[in-house]
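Chemist: Listed here are the chains, written in short residue letters.
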Amino acid sequence: MTEIVVDNVAKTSRRDFMKMLWLFLGGMVTLEFTGLTLAYMQPRLAEGEFGGVIDTGTVDEYPPGSVTHIPNGRFYLSRLEDGGFLAIYQRCTHLGCNVPWDQVQGKFICPCHNSQFTAKGDVLNPPAPRPMDLFPITIEGNQILVDTGVTIGRERIEVSAVVYA
Amino acid sequence: MSENLPGTTPEKFHERRWKALGPSPMPSDDRGRMRAVVDNLVLHLHPAKVPASTLKWTYTWGLGGLAALLFFLLVLTGVFLEMNYTPSPERAYTDILALRTNVWFGDLLRNLHHWSANLLVVVAVLHLLRVFFTGSYRTPRETNWMVGVLLLLLVLAANFTGYLLPWDQLAFWAITVGTSIVNYVPLVGGFISRTLLGGPEVSAATLLNFYSLHISFIPISIVMLISLHFWRVRKDGSLTLPKGLKKAEEARVERLTTIPHLVRREAIWALAWLAILLAWAFFIPAPLEGIANPDVSPNPAKAPWYFMGIQELLLHFHPLVGAVIIPALALLGLLLLPFYDVNLESVGVYFRSYRGRYLSLLAFGSGILITPAWVVLDEFLLHWNRWLLSWPSLVTDGLIPFAVLALGILLMDEITKKRFRASLEERILFIFVFLLTALMVLTVIGVFFRGPGMSLYWPWDMPLHV
Numbered sequence: 001m002t003e004i005v006v007d008n009v010a011k012t013s014r015r016d017f018m019k020m021l022w023l024f025l026g027g028m029v030t031l032e033f034t035g036l037t038l039a040y041m042q043p044r045l046a047e048g049e050f051g052g053v054i055d056t057g058t059v060d061e062y063p064p065g066s067v068t069h070i071p072n073g074r075f076y077l078s079r080l081e082d083g084g085f086l087a088i089y090q091r092c093t094h095l096g097c098n099v100p101w102d103q104v105q106g107k108f109i110c111p112c113h114n115s116q117f118t119a120k121g122d123v124l125n126p127p128a129p130r131p132m133d134l135f136p137i138t139i140e141g142n143q144i145l146v147d148t149g150v151t152i153g154r155e156r157i158e159v160s161a162v163v164y165a
Numbered sequence: 166m167s168e169n170l171p172g173t174t175p176e177k178f179h180e181r182r183w184k185a186l187g188p189s190p191m192p193s194d195d196r197g198r199m200r201a202v203v204d205n206l207v208l209h210l211h212p213a214k215v216p217a218s219t220l221k222w223t224y225t226w227g228l229g230g231l232a233a234l235l236f237f238l239l240v241l242t243g244v245f246l247e248m249n250y251t252p253s254p255e256r257a258y259t260d261i262l263a264l265r266t267n268v269w270f271g272d273l274l275r276n277l278h279h280w281s282a283n284l285l286v287v288v289a290v291l292h293l294l295r296v297f298f299t300g301s302y303r304t305p306r307e308t309n310w311m312v313g314v315l316l317l318l319l320v321l322a323a324n325f326t327g328y329l330l331p332w333d334q335l336a337f338w339a340i341t342v343g344t345s346i347v348n349y350v351p352l353v354g355g356f357i358s359r360t361l362l363g364g365p366e367v368s369a370a371t372l373l374n375f376y377s378l379h380i381s382f383i384p385i386s387i388v389m390l391i392s393l394h395f396w397r398v399r400k401d402g403s404l405t406l407p408k409g410l411k412k413a414e415e416a417r418v419e420r421l422t423t424i425p426h427l428v429r430r431e432a433i434w435a436l437a438w439l440a441i442l443l444a445w446a447f448f449i450p451a452p453l454e455g456i457a458n459p460d461v462s463p464n465p466a467k468a469p470w471y472f473m474g475i476q477e478l479l480l481h482f483h484p485l486v487g488a489v490i491i492p493a494l495a496l497l498g499l500l501l502l503p504f505y506d507v508n509l510e511s512v513g514v515y516f517r518s519y520r521g522r523y524l525s526l527l528a529f530g531s532g533i534l535i536t537p538a539w540v541v542l543d544e545f546l547l548h549w550n551r552w553l554l555s556w557p558s559l560v561t562d563g564l565i566p567f568a569v570l571a572l573g574i575l576l577m578d579e580i581t582k583k584r585f586r587a588s589l590e591e592r593i594l595f596i597f598v599f600l601l602t603a604l605m606v607l608t609v610i611g612v613f614f615r616g617p618g619m620s621l622y623w624p625w626d627m628p629l630h631v
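Chains A and B are the protein sequences, given in the same order.
Numbers 1 to 165, taken from this note's numbering, label the letters of the first sequence in order.
Numbers 166 to 631, taken from this note's numbering, label the letters of the second sequence in order.
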């Protein structure tokens with residue numbers, strides 16, 4: 001006589017296993033669908049427009065201590081007194097308004113909530129919580145190229161961000 | 166043999182086909198007639214009989230039904246608008262102009278859609294308030310309350326995505342400001358904002374994203390949740406019964422047939438609102454400014470009105486506190502309310518009790534007085550960030566004012582508890598009414614009292630748009 005040992009204590013029944021499988025599959029479908037939706041909503045950038053690399057001309061066109069608006073790149077090319085360059089994204093770090101450069105007062109003044117920034121993009125007056133964002137600059141020979149596809153957010157002003165010819 | 170089966174001969178089939186199109190014949194026996202009534206389409210939605218007291222107009226104010234009507238109207242007008250609209254920066258604005266001048270009843274459609282959408286936000290909030298003030302979200306209705314809160318969020322999402330579509334200055338900068346608020350959510354804020362916008366700022370990709378969400382995902386989600394919402398209303402035993410303040414004896418529940426008593430009221434209510442909305446859309450045009458110009462921010466730039474409360478908070482708190490912590494706490498509190506406010510005795514009594522009514526008035530009054538006082542004080546006198554210059558702004562503009570706010574609320578709670586001997590439900594009521602009033606006052610200040618540079622102005626001294 002052989003004894004049949006039925007040992008189903010704390011084991012998952014076939015029905016429970018199928019239920020869990022369905023739940024798992026349903027969860028996977030939901031995840032995939034969510035991921036797909038988010039992926040489809042991601043930035044779709046076109047070459048040569050804002051979002052691509054912008055050629056802003058030669059170094060000599062910008063005198064030291066000047067701030068020049070580059071409309072198609074939506075940034076300000078700021079040449080500091082020592083000859084270094086910063087490409088400052090025109091968007092206010094508070095709530096996203098465009099910040100025009102005030103030539104007379106020599107600072108950026110946001111029309112929306114009166115945030116003010118220096119020519120380096122540093123905060124002079126809140127509510128802006130941090131300095132203006134930058135775009136990376138590469139200088140090839142004499143030509144200034146600005147990549148508007150990547151914004152560099154910063155918590156404070158750093159000298160290493162300045163690019164020299 | 167199939168040709169011998171009854172009803173399958175060609176003649177019989179022909180007859181049956183036409184009969185199926187008309188109304189089914191009324192059964193001759195009593196029981197059959199009753200079944201016919203019960204199977205009526207209306208009774209898919211409503212029970213066959215309803216308690217007479219829930220038909221009382223001043224109990225529900227017909228707000229849920231009105232919200233459903235507005236949603237139906239929005240879908241209908243929305244489909245017609247879609248047929249005359251291209252979601253691209255080149256075409257969107259000119260399509261709206263064409264809608265106003267060249268499309269048959271286009272302007273009426275647009276106005277109807279715009280005003281219904283704005284009214285829906287108001288009605289959905291009032292519906293929520295009605296349920297809260299009558300305590301109708303208590304056991305077993307907690308789930309449906311949470312479904313309702315989600316529906317309110319979806320309504321806001323639908324409004325917000327629709328706001329961008331006209332592609333005028335108002336739309337462009339309201340969405341810019343609105344999505345920038347998202348940026349302050351720690352860790353994921355930047356990702357969410359970039360995903361919504363399809364880039365670093367409002368652009369052609371944003372218009373497409375918002376358009377797709379506005380005409381598919383959001384309305385489909387709303388339809389699914391509305392179905393759940395309606396189904397749960399019946400599952401949870403229909404409406405709560407209105408009760409007077411003297412809750413001595415439970416009156417015998419008199420029941421009336423849904424047809425005609427409830428259905429007639431609903432039809433009158435719906436027709437009246439259709440008439441009001443038509444007149445409204447006929448005489449008051451939806452706002453439309455000049456075409457969107459990404460290079461020129463208007464001054465001031467404001468979010469849509471239903472988010473102005475948050476934008477006003479941003480002027481007084483560090484963004485992490487004003488845009489994230491306070492709204493998140495408020496939303497969490499709203500969702501969890503029915504699990505703390507549990508007294509089944511006062512379900513159906515407006516404002517819980519005599520003391521509840523008194524405390525509600527008191528909370529409303531304090532909210533009306535304290536909120537503007539605090540806004541003015543913070544604008545001109547309180548400068549934590551200048552007094553504590555070396556401290557991080559998260560502490561000076563965030564934690565300190567937030568702690569003051571929290572302490573103030575705790576203090577008021579202590580007073581209602583000690584001085585007025587309020588019960589838990591009355592204390593919750595007091596805080597709810599106070600915060601609600603504060604939100605309303607902040608929204609009014611943001612919409613009507615903020616001018617260029619977001620400075621305070623009297624509405625009658627408001628400088629024109631710059």
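These are computed hints drawn from the structure, not numbers from a lab.
Quick caveat, the model's predicted, so the values are computed rather than measured.
Among the hints, erroneous ones may be present.
Distance ranges between label pairs, derived from CB positions [as the list claims (entries may be wrong)]:
#: 1; chain 1: A; residue 1: Tyr164; chain 2: B; residue 2: Leu390; range: 52 to 60 Å
#: 2; chain 1: B; residue 1: Thr251; chain 2: A; residue 2: Gln42; range: 18 to 26 Å
#: 3; chain 1: A; residue 1: Trp22; chain 2: B; residue 2: Ser386; range: 45 to 53 Å
#: 4; chain 1: A; residue 1: Leu31; chain 2: B; residue 2: Leu496; range: 22 to 30 Å
#: 5; chain 1: A; residue 1: Ile157; chain 2: B; residue 2: Trp269; range: 57 to 65 Å
If you want the footprint, here are the derived chain A segments under chain B, 3+ residues with CB under 8 Å [to be verified]:
#: 6; segment: 91–102
#: 7; segment: 106–115
Glycine is no exception: its CB is placed at the ideal position from the N, C-alpha and C atoms.
Chemist: If a hint holds in the structure, say so; if it does not, say that too.
Modeler: Quick rundown of the hints versus the structure:
The hint said 52 to 60 Å for the Cβ distance between tyrosine 164 (chain A) and leucine 390 (chain B), and at roughly 58 Å that hint holds. The given range of 18 to 26 Å is respected by threonine 251 (chain B) and glutamine 42 (chain A), whose C-beta atoms sit roughly 22 Å from each other. Between tryptophan 22 (chain A) and serine 386 (chain B) the CB atoms are about 23 Å apart, so this pair departs from the stated range of 45 to 53 Å. As the Cβ distance of leucine 31 (chain A) to leucine 496 (chain B) is approximately 24 Å, the hint placing it in 22 to 30 Å holds.
Taken as a hint, the range 57 to 65 Å holds for the pair isoleucine 157 (chain A) and tryptophan 269 (chain B), whose Cβ atoms sit roughly 58 Å apart. Counting residues of the segment 91–102 of chain A whose CB lies closer than 8 Å to any CB of chain B gives 6, so the stated coverage by that chain holds, three being the minimum. Remark: the segment 106–115 of chain A is confirmed as covered by chain B, as 5 of its residues place a Cβ nearer than 8 Å to a Cβ of that chain, reaching the required three.
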